[in-house]
Structures are given as structure tokens and as C-alpha cells.
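A.B. asks: The lines below spell out each chain.
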Amino acid sequence: MSEQQPTHRPDADEPATDAATAEDVAGEDASAEAASPEDGADARPVTTGSESVVRALEGAGVEHLFGVQGGAIMPVYDALYDSAMDHVTMAHEQGAAHAADAYGIVSGDPGVCLATSGPGATNLVTGLADASLDSDPMIALTGQVPSSMVGSDAFQEADTTGITSPVTKANYFAGDADTVGDTVGEAFALADEGRQGPTLVDLPKDVTNGATEQEPTAGRTPETYDPPERADTVAIETAADAIASAERPVILAGGGVIKAEACDKLREFATEYGVPVVTTMPAVGAFPEDSDLAMEMAGMHGTGYANMAITHCDVLFAIGTRFDDRLTGGVETFAPEAEIVHADIDPAEISKNVHADYPLLGDAGTVIDQVHDALDEERDTDMAATGERWEDWRERCLEWKSEYPMDYAAPDDAPLKPQFVVETVDAATADDTIVTTGVGQHQMWAVQYWTYTQPRTWVSSHGLGTMGYGLPSAIGARFAADDDQSVVCFDGDGSFLMTLQELAVAARENLDITVFVLNNEAVGMVRQWQDGFFEGRRMASEYPWVPDFATIAEAFGARGYTIDATDGASEVEDIVSEALGYDGPSVVDAHIDPTENVYPMVPSGGANGEFVLAEEQL
Amino acid sequence: MTEGLQGPAPDERPQPSGRRNAQGIRIDPAVAAEPEPRRTVLSALVENEPGVLATISGLVSRRQFNIESLTVGTTTNPETSRVTLVIEEPDPGVRQVEKQLDKVINVISVRELGDDAVRRELVVLNVHGEEPDKVNAVTDMYDGETLDAGPRTITVQITGDEQKVDDAIDAFQQFGIRELARTGQTALARGEEWTTHAEEERYERMQTQS
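If you read the sequences in order, they're chains A and B. Okay, so the first sequence: first residue is 1 according to our numbering, each after it adds one. Okay, so the second sequence: first residue is 1 according to our numbering, each after it adds one.
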């Protein structure tokens, strides 16, 4: 089932509709009739359900798709043969899902992944669950056995809509060829609007093969779908009163701030009123970390100062966050003295994990504007010099910054510190560089020791914590990034080993990605917990058997580099700069101090204010 | 070993004395009561799409909502069905069930019905038929109906609110209940009040059309 599909990557400065690109993709006979997302009425009439699906994607402005071929999805791929959209064949469907997810994070538009029925669809599930917990915009199209065989345990049959129901915002079983294009359009719109999330359309082979002349209409969400935009005026006024009368206010920015494109508004508001800003992990980059007001990430491995600010604030203005347990620690000790103003587009997040004293339902950007305006009005009357009133609080936050610095110890004779690798790469790259990661210790060092100043430059698996997310997400990010933007991936040896087959894709497409494997020959986070909580009984966590990643990279057709644990700073800098300079995929296998652990740390369920700074404090 | 970061240790830091309860509500020590679970009825109007019921039951199960019964049936609109759920949750839990249901794309609207809602359920009981007169008497007492009577078994139906059905089942125990089937509660808001907003809109649209 694996006739090689042509894979192309149109130059980023040439739109996918460009005639030359279309000709290139479609072959010699179809160039003049290539699809054009802009002018819906296409010269190439729709004849099958598959063509309607492809037309719906083109109509939604899709430029790249990530997928893997297979029996039941073949009709859709056949229709893609004539499309100017660029299909990136991935090595594994999980890779396709993560690539589409990262594409969605970086571009803001839903990423698209395709897979066949049965194992193809089930391999997408991890990526869907990941996108679901992180509210990432994404649409998955899966092949399905013909409708007449559904339920018969046919070859490569799986109950895809049943299996993915808990991990999608909505999913669809396409009923017939006439409506399948509209269904795909609706799924795409739904992934994008309101609280973003993954959607899925299951495509039985008889539907995709079915005859239809029905052109899909522009994708729309269902009439009953009506996410809130502006928060209630009275609610805004009472919430603004609460903020205005605070003594120790903190803004907690969540991933929703980035999703809503509200980072500029956040920055203006926080800066004008001088309110310290803490972020959740998905919101890293929402507020420039080089600002005095930036307390950076809070939670389990957040900075000490972020956790002190949250613990001691009296009003917490939380925007677009779902109060995940890795952020809150035990809820009974989370911001225990704060009144909580919670703005969210999803009513179900209000008072789900932490009670909201002032709920604000709406789009993050709109709500920030509303609160900002309301405070401006109050300031004009009786809230003069609010900014000065909070001067003491800001001073205290700054003191915490110097009291709990993110300074790791690096004696001269110590093996290479992972934090140093992160800092070195940060220093060697531009501010708009995109960082993707796997999951584990390396992920925490990558978030802690890199200074993020721009939204959509931090791409990680937050809610689901999917090891193996790093490389495929770097591939997806690469397609969404500007040409002059760098993409680097920090991975761990355990995490990289889970999806490194996608190196074949990076090499085939000659994608400029640099992977830094912070190699401690262990699933380090587990090892750290075993040492801290399981009396050092290191069951199944030590990986002295991991392969030589530089050689692996070379075998795939990428460049491979090795940094030894004993290498000095200048050798590290040289290799980092050489790898970054290579115009193509490269892997740097950096052997780090295997004893290094991630701090600060709030033990699971503990109080944020009681973060520990070293193992003996556990 | 120089592992770790610098700064005052946890026990050297000032810690606030405030607390929240398990629902994340700040505790006022004077009124630090945990919300008590209560039994209530939610009514949801849903689109007649395949898988809606599976989605709803899956949602209830994976979020560990405490559910007593769930019924579903069509409405005057062939495109919609009404799902009635009886749940037992503290107040924040009730709000969560309501909001999580409302998020399901095929759910058109959801509402918690008040205590005065009209609620009914039906039970069909198959009891031993040795004492038909007595069975008939109990059936009459509960305004029930005999559906089938044979030499050895009698099948009756009783409708009513949950309490009445519970009582009836107790009363039939004396004859020996062979099997029973309960439907779970279905309900509508009382009087002119609409059970779900979406139906009110549709009703008014249809009135203006005719």
C-alpha cells in the first residue's frame, strides 16, 4: 500500500497556489487547473467525495499536510495528487499528529494530519490527546473501511470516532459524498474557533470514492456553536474593582493569551499598571522574560520567584488557563489568600479546579481590553497613582528574583551542565528562534534557562507530557516558521529514542532543524523522582544502552555531532555554532552530567511556596 | 555536592496562613463547610446524530460524575432528542456537569431543572402470581396498570416520581419480584417555564410561521 507519493516543499515565499508550484506538484497535465484557495469556483470540477475533501482543505487555506498513506485513505491521497497543497509524508502517524499540532501552535491555524483506518488512526491518538489537553488547533482525517463493512471487524477497522471521542473537541463520521466536504470544512472551522482544539473526520472509503458534484461551501461552525467574545460589563466592573483595590496583584497568563493573539494587549496592560506577570508553561513567550515584571513560569518546576508571587498575591488575574495541577500544586495551598479573577473562553474552565471569585467569560484579548478600559476609568476618578501604589509589591517581587536566582552550580571540574547547553544555544540564536522539546528534565531546562521573548516560539507537550514530541514537532514547526527563523529541538535521550525515525523525513526534506539531545543516559525525570521519593531504587530508568545518536543521525542522512561531558565551554560553543550553521537537519548528542536534577521543584500536590531547591530539602 | 539552587529553604520562608478547600474555594474559617452532594435533574436537548449518547455517557464516566440515571427520547422536532440526567454532586460538581455537557458540540442546550420540575419514571415489575387479588390491590394503590397476567406471573407497570416508584417496589416485594425494569427519570419544567431555551425559540419560530 505504499506507492511513494511525490513530496514537495514549495518555497515559503511562493504561495501554494503559485502556478509553477502547482505544475510541479500536479504533473504535466493538470497545471492550468490547479486548485486555488482564493477563488472558490475552480475550473476542476468535483467528481468524488475525496475531491470534495481536498477542495474543502484548499478552501480553508491549507498549505501543508502531514500524513502516512494506507489502504482506506488512498482515495483521499489520490485526490491530493492533483492538489497544490504540500503533503509531507511522515515516518509514523504519531509523528504526523505532532507535526500538525506544532504547525498549529506556530502558525495559529489548524494543522492537518492524515492517516489510514485502524492502526493509522490509533497511532494518531497520542497526538490528538496531546492537542486536546493543550487546546491546539488541529484536524485529523482518517480513512475508514467502507460503511457497509463498519462493525464487521473488517481488516484495519477500528472504531475511530469512538476511540477519539474523549480526545477531540468534536469528531465526525462522514455520512455521504455530497456532504463530506462541508463536514471537513466544519471540522476545520471548529478546530480554529472558540477554544481551539483537535477535531477529526473519519472517512469511509465508499464516501471518499463516492460520486458527487457537490462543491464544499466555506467551512462554518455549527449554528449552535457560540463561544463568548465580550465579557459581561457588570462582571468586568466588579473584577476591575477587585484588581484596583488589590495590594499585591499578579497576572497569571495562560496559553489562551497566545491562542487569542492577546500578547501585545497583555504587555501593554501589565506594563502600564506595573503588574508582575507569571505564566503557565503553554504561555511561555506570551510575556517577554527579559522584563522586570516577568516572573516567568510558575508551578512544579517554575521559578522560585513566580511561585512566591503566586503564593503571596492577594488578587490573581488569571487569563486563559485551566489551573492544571502542575501549576497549582495542591489546590488548598494555591494562591491561598488571593481573590481570583478568571477570564476564559470556555465556561467549563471557570471554577473547575480553582474557584473563580470573579469569572469573566470571553476572548482573552477582548477581556484584557475591557479590564484595561475599566481600570483606566477608575484611575481617572479615584484610583490615582495605582502604579505607584504597587511599587512596594513590585520591589518585593524583584527581591524574590534575587533571592531565588536560576543560577546553577557549575564547578570547573564538573561534567557538562545541561543548563549551559541551553544557554549556549540561546546565546547563539536570534530572539525569534523556535524551541521544541520532548518531555522530561531536558524540557524543564529548556524552559528555565532560555529567555523567551516572543509568542509562538515555545512548542512543547504541556498537558499530556508526551515523550517523543520534540522531533516531529520541530518538523511541523519548520513548515510553519518563516524561512529566516531558526528551529531547534531540545530532547532527552529517552524521549528522542521514541520518535527518532522522523529524522528520515527531516533528511528527505532537508529541513533546517538542529536537535540537541541532552543525553544523561536515563529517563532523567523518573530517575530524579526515584532518587527523591523511591529511596534511589532506579527501576527501568537508566539507559546506558542508548545508541550513538550522532551515528544514527548520519545514517539517516542528517549531520551528527557529539559533545563529551568533559568538553570545555569553548568546545561546546564551537560545536553548537557549527551545528546551527549547517543548512539541514543535524543532531548534537550532548553528554551531560547524569547527576544533574531539575530545581526548583514543588513536590506533587505540595504548596507552591514550599518549592525545594535541592534534593535534601525534599 | 553542589547540586541544587541557592536561596532560603522552604522552612526559612514566610508562608501564608490562608487555605482553600478541595473545590478550590478559599476557606473562611467561620463558614468552612464543604458543599454537600445533592440530587438534581439536568435536561439536555441534543442533536439526533450518531454517537451523541455514547459521547455523553463517556463524558460522565471519564470525568467521574456521579450519575443516578440517564434517559433519552425524541422530541417534537425529529432532529433533536431530550436527554434527562439525574446526578448527585455538590454544587460545583453540578455546575461542571452542566458546563461540560454544554461543550459537546451536538448538545444544543442544557439546564438544571428546579425542585418543582415535573418528574416521572416508569417501572415494569414481574411478580409471582399466586395472589392475584392482592397484587391487583397494590397495583391499584399505586395507580398502576396490569400489563400481563398469567397463572404463575403478573406483570404490572407503575409510573410516578422516584419516591413513589421506590415505595411501589417495596410494596411488591411481598409477592416476590422475579424481575423489574426501571426507565430512570424523565422530566420537564413546570407550567409555562421552558425546559430548555432552544425549544422555546423553535416553538416561537413555528408559531410565527403558522
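No lab work stands behind these hints, which were simulated from the structure alone. Hints are supplied without guarantee of correctness; some may be wrong.
[Claimed, not checked] Covered, in the sense of this in silico footprint (three residues per stretch, anywhere, with C-beta under 8 Å from a C-beta of chain B), are these stretches of chain A:
#1 161 to 167
#2 339 to 349
[As the list claims (entries may be wrong)] Just a few of them, taken from the derived set where beta-carbon distance is under 10 Å, the chain A residues facing chain B:
#3 Thr199
#4 Glu268
#5 Asp357
#6 Trp400
By construction, the Cβ of each residue, glycine as well, lies at the ideal position given by its N, Cα and C atoms.
A.B. asks: The structure should be examined with respect to each hint, and the outcome stated for every one.
C.D. replies: Here is what the structure says about each hint:
1. With 4 residues having a beta carbon nearer than 8 Å to a beta carbon of chain B, the stretch 161 to 167 of chain A meets the requirement of three or more and the stated coverage holds.
2. Coverage of the stretch 339 to 349 of chain A by chain B holds [criterion: at least 3 residues with CB-CB distance below 8 Å; count 4].
3. The interface hint given for threonine 199/A holds, since its Cβ lies 9 Å from the closest Cβ of chain B, which is under the 10 Å cut-off.
4. This hint is violated: glutamate 268/A has a C-beta 30 Å from the nearest C-beta of chain B, more than the 10 Å allowed.
5. At a threshold of 10 Å, the smallest CB-CB gap from aspartate 357/A to chain B is about 8 Å, leaving the interface hint in force.
6. Satisfaction of the interface hint for tryptophan 400/A is found here, the shortest Cβ-Cβ separation to chain B being roughly 9 Å, below the 10 Å cut-off.
The structure shown violates just one earlier hint, number 4.
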